[in-house]
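Given next are the chains, with one letter for each unit.
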Amino acid sequence: MKLFGHKLTASAAFGLAVVGIFILVSLFTPWIAPYSESANVGGTWDEPSAKMLFGADQIGRDMLTRMMYGSRMTIGVALAITTLSFLIGILTGLVSAVVGGWVDVFFTRLVDVMLSIPSLIFALIILGVFGSSIPVLIMTIAVLDSTRVFRLSRALGMNLTVMEYVEAARLRGEGLWWVITREILPNAWAPLVSEFGLRFCFNFLFIAGLSFLGLGIQPPYADLGGMVRENAAAINFGMMAPIYPATAIALLTVSVNLVVDWMLSIDARPSGAQAEL
Amino acid sequence: MDEQFILNIKGLRLESVAGNVIVDNVDLQLRKGEVLGLIGESGAGKSTIGLSSMVYARAGLHIAGGEVILGGVNIRALDTEGRRQMRGKRIAYIAQSAAAAFNPAHSLMDQVCEAPVLHKLMTRPEAEIWACELFTALDLPDPQNFGKRYPHQVSGGQLQRAMAAMAMSCRPDVLVLDEPTTALDVTTQIEVLILLKSLIRQYHTAALYITHDLAVVAQVADRIKVLRHGKEVEEGLTPQILHHANQDYTARLVAVRGAAASERAVAATVKPETVLSIKDCHAYYGDFHVVRGVSLDVKRGETVAVVGESGSGKSTLARIITGLLMPRSGEIVFQNKALPPALNSRSKELKRTIQLVYQIPDVAINPRQSLLDIIGRPVEFYFGAGRAAVLARAKELMALVELPEDFLQRRPGQLSGGQKQRVCIARALAAKPDLIILDEPTSALDPLVAEEILTLLRKLQRELGLSYVLITHDLDVVHRIAHRTAVMLQGQFVAFDETDKIFDHPEHPYTQKLITAVPEMRVDWLDEVMAKRHAAAA
Amino acid sequence: MAKLIVNRLLLGILTLFAVSVLIFVCTQILPGDVASAVLGQGATPEALVVFRRELGLDIPAHIRYWNWLVGALHGDLGVALTNKRVIINDLLPRLRNTLFLAGYAALIAIPLSVGLGVLSAINEGKWSDRLANVVTLIAISLPEFFIAYLLIIFFAVNVQWFPSLAMVSNGMGFGERVFQTTLPALTLTLLVAAHMLRMTRSSVLSVMSKPYIEVAFLKGAPRRRVIVRHALPNAAAPIITVIALNMAYLVVGVVVIEAVFVYPGLGQYMVDAVSKRDVPVIQACGLTFATVFVMLNTLADILVILVNPRLRHQR
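Residue numbers (the working numbering), protein chains in the order written: chain A, 16 to 292; chain B, 9 to 546; chain C, 512 to 826.
Think of the hints as simulated: they come from the structure by calculation, not from any bench. Model, not experiment: these values are computed from the prediction. Hints are supplied without guarantee of correctness; some may be wrong.
[To be verified] Chain A regions said to be covered by chain B (calculated; three or more residues, Cβ under 8 Å):
#1 57–67
#2 176–184
#3 187–193
[Unchecked claim] Calculated lysine-lysine pairs in the DSBU-like style (CA-CA distance at most 35 Å, straight line):
#4 B/Lys239 with C/Lys721
#5 C/Lys721 with A/Lys22
#6 C/Lys595 with B/Lys18
#7 B/Lys128 with C/Lys514
#8 C/Lys637 with B/Lys128
#9 B/Lys156 with B/Lys307
#10 B/Lys356 with B/Lys279
#11 B/Lys205 with B/Lys509
#12 C/Lys637 with B/Lys205
Heads up, the beta-carbon is just placed ideally off N, CA and C, and yes, glycines get one too.
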């Protein structure tokens, strides 16, 4: 089977299918969920039944419904974060690479310092002061994540800026905007797209982790990490309740990673380790 | 009967992992002490054949068929361990780039002694003594202590010689030399060539000499085999190949180099008006005085070549003219007006009139743009033309550079090197410039393709009255296209005159050195040079 | 080379300063009015005044920063807002616990993953490499708490080898401590080892593509010798960098793992402080984590300098 002209492996096909399902479910949740988001339809940690495919959560709501709404929320937030982070990171990274000079030095040093604090710690600091509302979450993590996108974009930009065709454009007198969007960006797409996939996974896990700690998306919004936290006590009774949302998280990130891995392997050349002796 | 050959390759066939045939049924015979030159353009498969003679295929390639018989033993039929024992011991490899071939983490002596000790031919102390003998024979400085140094501590030419020592360390029966002098300057190349030839003669080693430069291989090889697209074109004794080639392709390869003397630029294109004039220009990279008082002028319709080796400052001069580097002092006048030294202070109109063609076409054009975008952009940018006008002009330009119109929709990745360079020229022409600076425009191209590009450039000069400043290290190119030539050494012009005069009566010693270092298409040229040097030294 | 090392050390110290400024700015200057940011909209004017006085917000910012920094350098990190305890007394033992846990995990993870990563690179394309690729890909995709819960279900609930809560206390013996922290350390190990294996593998692979490796093969060197003598010395620098990078993952993972296993470490301390909006504790924890991190990175960079052959043997 082929996609965009490249052969699809079994794992990539699986990954793509799962991602597709998640996206569709998240988009259409309000219409296809069995119950409403906060409806109480059973007892605490009821076993899975025909009525509730994954049983009930800690206050008797349908686990499946909560997972669908949770996916919608967590995926949506992670997507927003990653998009914002890429906008910031690509813009600053490419401008730094092309313009150079004090602009480059300023951003690079700033990013270096920011990256000297582990992102979770930094996020915790900001959240501790500003609280965990959704806009704060999105902006904080996006700015933190943009540092990595900055570094990648800048590295790509620096490699491409020295290409003669970029110099030819400059010699012509083309403006900065043209050089970035028409000469450099088209050649930087591929690594950026795979990086988008990877950063999405990271941000998705990050948000889930923060919610798990109680510091991410706050109730009453359903969110997968928070659901793990809320249902955690069930483990002590041998019940699987927190495992369902945790598995949902794992499934999505594994699938995205499988797809990204496939994309990266398309361009990969066999290394010297594979020479015929 | 076969025992007379030290290396006998029969029916060699290599395929890529994707199934493409890279080398198609090639035979090769090498006698003891004989040097066979493998000649061909890029993609001919010569390096691949060289590596295959050691039964080695790079990742992505696979030896699909054939026998490789070394000293009577079919080494291709041996198991992995057997093959491993042959390599380095009975057949050794000299790579193109010595800088990349040495491990930065180990000393030169460690790496030169590795093979003989590994193959249990010598103990380490014995190997070190032998290594020092080789260093001495290869004319390396302070041979007794040379081995203690690390690769990054010695120069490129010295590393190349160290690599020759490393290859000879086991006294192999066969040496495979893969473009050993291609990456070197002309004057360094001749030194290394002399040393390689005497080394081969002294130890009676058989050698496969792989190169694309026919004049170079003519100096060392007894026989020459011509390759093209993975197949053999012709093989014969060197004098026969040079003077009485059977195949048309071979004849063309020889003609490209040999006919240098007979092709001279058409003087009729030159008009008396001066387009560019540089007076006493000085430029620095930091503290380094890279251009020292250069004065140059170019007339309309004229080609002025600036020739020099790496580090001479010729590329810097090009950057000054285009405005990428600011000179510290000196006057530059373009079309009777002072030329602002900084690119940003030049008007769009001024930028339009000076265009640049780069050396490596692969990176000179944006791989993600179509040819129409690439050629059309200057038209749109400088002349504000609309889509229809741009398309029309693009078609004209394609015709000028002799490319088919329907290529306009293609991307650079679908073109060959020569075609890409034509696109670069078309892009320069799109601006309707008065002056084009050509920075080593043919150095990255195969000789036959380079010839076509030069012919094209001459034609364009005749038809459009263009002026060229040609930066190059290749004297043959200069012969073919330049009206006047400047010879540059360490930032200064040591000669600047009509091309004929410079080459027929070189006055400055460096010019003489440069001219005599270029291999000529005759078999005994190197021996003559060696004899002359012996006599001079004696 | 000594000059390079000294420069790097100075850069490390400078970075620490910059980091402390950044933390201070984020916690005390960015919010504008820290009092209302932390206490929220519904706070009474009196509560705001009290808060401001407690934090000393009426003193100008740069003096506050200076006091804080000088205090920190002397080991005085102030007093917690919520329970009025001296921060350093609570922080130090927790820091010790976290370092113990992280060290335990690193001790297992580093040799395991670097070794497997090198082997994987050597066997590129073979089934063992492909298997390792898929397994590690899955491992790096799983959230930390998921791995933790899986391990708990298996080891603590099913076979009951280890406790599901890591109860560690100050006077505990070494053996007992190791036993209690094994499950969380194992979780951390799995998390970090997968990343390190993949990165080590790609570092070694990029060295294996260098021309001098080919030349070594062409000299007839056996595969093992080429890997050990030619590839590894040049892969040392990137591998060191990989390890340093993953120590960062370790820090992030530690926080979540401490929450799952209710382990009394620095991560838990900080999470508590964040949920209670206890600004001085947040600052103190942030500074501590960042200091450890910067020190690790500086050490890694210095090791890379020491290992570089071009710098060991100058012209």
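Quick rundown of the hints versus the structure:
1. 57–67: violated (count 0)
2. 176–184: holds (count 5)
3. 187–193: Held - the segment 187–193 of chain A has 3 residues with a Cβ nearer than 8 Å to chain B, which meets the minimum of three.
4. B/Lys239 with C/Lys721: 29 Å, holds
5. C/Lys721 with A/Lys22: This hinted pair holds, its Cα atoms lying about 28 Å apart.
6. C/Lys595 with B/Lys18: Violated. Lysine 595 of chain C to lysine 18 of chain B sits at ~89 Å, over the 35 Å cutoff.
7. B/Lys128 with C/Lys514: 43 Å, violated
8. C/Lys637 with B/Lys128: Distance of about 32 Å is within 35 Å: holds.
9. B/Lys156 with B/Lys307: Not satisfied, since the Cα-Cα distance of roughly 54 Å exceeds 35 Å.
10. B/Lys356 with B/Lys279: OK: lysine 356 of chain B and lysine 279 of chain B at ~26 Å, within 35 Å.
11. B/Lys205 with B/Lys509: Holds, at about 33 Å.
12. C/Lys637 with B/Lys205: 44 Å, violated
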